[in-house]
Amino acid sequence: MKSDKAIGKFGPGPLLAILATAAVLIALYAVFFIAPVEATMGIVQKIFYFHVGCAINMMVFFSLCGICGLIYLIMGGSRGRVASFVDALGVATAEVGVTLGAVVLVTGPIWARKAWGTWWTWEPRLTLALLVFLLFLAYLALRAFTGSERFGRSVAAGLAVVGLPALYFIHFAVQRWGGAHPQVVYKGGLTVPGMKLAFFLSVLAVMLVSATLALIRTQQELQARLVDDMFLKLDAEEWK
Amino acid sequence: MNIFKTISAIFAWVFAWVVFCLPATVLAQNATGQGWREGQEQIQGDTMVVAAYMALWLILLLFVLRIASRQRTLKADILELKKKIQKEEQ
Numbered sequence: 001m002k003s004d005k006a007i008g009k010f011g012p013g014p015l016l017a018i019l020a021t022a023a024v025l026i027a028l029y030a031v032f033f034i035a036p037v038e039a040t041m042g043i044v045q046k047i048f049y050f051h052v053g054c055a056i057n058m059m060v061f062f063s064l065c066g067i068c069g070l071i072y073l074i075m076g077g078s079r080g081r082v083a084s085f086v087d088a089l090g091v092a093t094a095e096v097g098v099t100l101g102a103v104v105l106v107t108g109p110i111w112a113r114k115a116w117g118t119w120w121t122w123e124p125r126l127t128l129a130l131l132v133f134l135l136f137l138a139y140l141a142l143r144a145f146t147g148s149e150r151f152g153r154s155v156a157a158g159l160a161v162v163g164l165p166a167l168y169f170i171h172f173a174v175q176r177w178g179g180a181h182p183q184v185v186y187k188g189g190l191t192v193p194g195m196k197l198a199f200f201l202s203v204l205a206v207m208l209v210s211a212t213l214a215l216i217r218t219q220q221e222l223q224a225r226l227v228d229d230m231f232l233k234l235d236a237e238e239w240k
Numbered sequence: 001m002n003i004f005k006t007i008s009a010i011f012a013w014v015f016a017w018v019v020f021c022l023p024a025t026v027l028a029q030n031a032t033g034q035g036w037r038e039g040q041e042q043i044q045g046d047t048m049v050v051a052a053y054m055a056l057w058l059i060l061l062l063f064v065l066r067i068a069s070r071q072r073t074l075k076a077d078i079l080e081l082k083k084k085i086q087k088e089e090q
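Residue numbers (the numbering used here), protein chains in the order written: chain A, 1 to 240; chain B, 1 to 90.
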C-alpha cells in the first residue's frame, strides 16, 4: 500500500534518534560535571547552556519555516510534491520552533530572576522574542483552523515570511538598541574550555533533538495528507 | 511487543530518568559538599536550576506525547483506509 511505503520516506530513522539522545546525555554530563560554576552568578548560570541552545535553534527553525513559506508562495501554493513537502516541513519546523520558544521563555525568566532580580523586563531582545513566538503561534493556530485549504496555507506561509526580518532583529537587537541581555558568545565571554565545551555540546544536542522531532512531524504531515487524499479518492469513486 | 519496541521503551525510560534526575542529584551532592569544588553555594540558585531543567524536559515531553498521539490517530486512519480499500475490491 502507498501509505505504508511512505512511512519510512522522510523519517529520521532510529540512528538519528539514538544520536540525539546520546548527545543530550553527554551535554548534560558536560554541563553538570565538566563546566565549572561561574564565579559571579553561581550555579544558576547552568541554565544558560540549554537556554541559549534552545534560543539559537528556535531562530534556526523559525528561519527554516519562513524560508519554506517563501518557497511555497513562490510556487504559487500548488499541490505538487515539492510544494506539499515544503509546506509540511514548514508546519513541522514551526511546531518545533514554538516548542523551543516555550522553553526559552520559561527558562529565561528563571535565570533572569537570579541574574537581574526580575522575572521579566521589556528590553528589546526579550520583547522581540516574545512577539516572534506569538507570530509563529498564530501561524500554527491558522494552520489548525484552515486545515488543508490552499488559501489558509498561503496566508500562513505569508505570516511565516513576515517573521524572517523579526528574527534578524532579535539577533541584532542587543547591538542596535542595547538592553540587559548579555552577549557572552559574540563578545568572547566563554573563555573557560569546560564552559565552551558544555555550551557547544548543548547547542548540538538541542539541534539533533529538534531535527529528529521536525523530521518525524514532517513525515506525519505527509502521511496524513496521503491518507486524506486516498480517502477523498475513494469517496469520489463511491459517488460515481 | 517486538524487540525494537522493547529496546526503545528501555532507552526512553533510562533517558527520562537521567534527564529528569541528573540536575537534582548533582545539586543534592553539591548541598552536602561532595559535588562542586569551585564556585559558591546558593540554595535558591539550585532550586532555579532544577526548576528550569524540569520545565525544559516537561515541555519536550509534552511535545513528544503529542507526536505519539498523532501517530496513533494516523495509524487508525491507515487501518480504516485499508479496510475501505478491501471493501471496494470485494
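By construction, these hints were calculated from the structure, which means they are not laboratory data.
Predicted, not measured: the structure shown is a model, and the values here were computed from it.
Certain hints may be false.
[As the list claims (entries may be wrong)] Derived DSS-like pairs (lysine-lysine); straight-line CA-CA distance at most 30 Å:
id, chain 1, residue 1, chain 2, residue 2
1, B, Lys82, A, Lys233
2, A, Lys196, B, Lys84
3, A, Lys233, B, Lys75
4, A, Lys114, A, Lys196
[Said to hold, decoys possible] Computed, partial: chain A to chain B, Cβ under 10 Å:
id, residue
5, Arg81
6, Val103
7, Ile110
8, Thr118
9, Leu137
10, Lys196
11, Gln223
12, Ala224
13, Asp228
14, Met230
Each residue gets a CB set at the ideal place from its N, CA and C atoms; glycine is no exception.
* Non-conforming hints, listed in increasing numerical order -> 2, 5, 8, 9, 10
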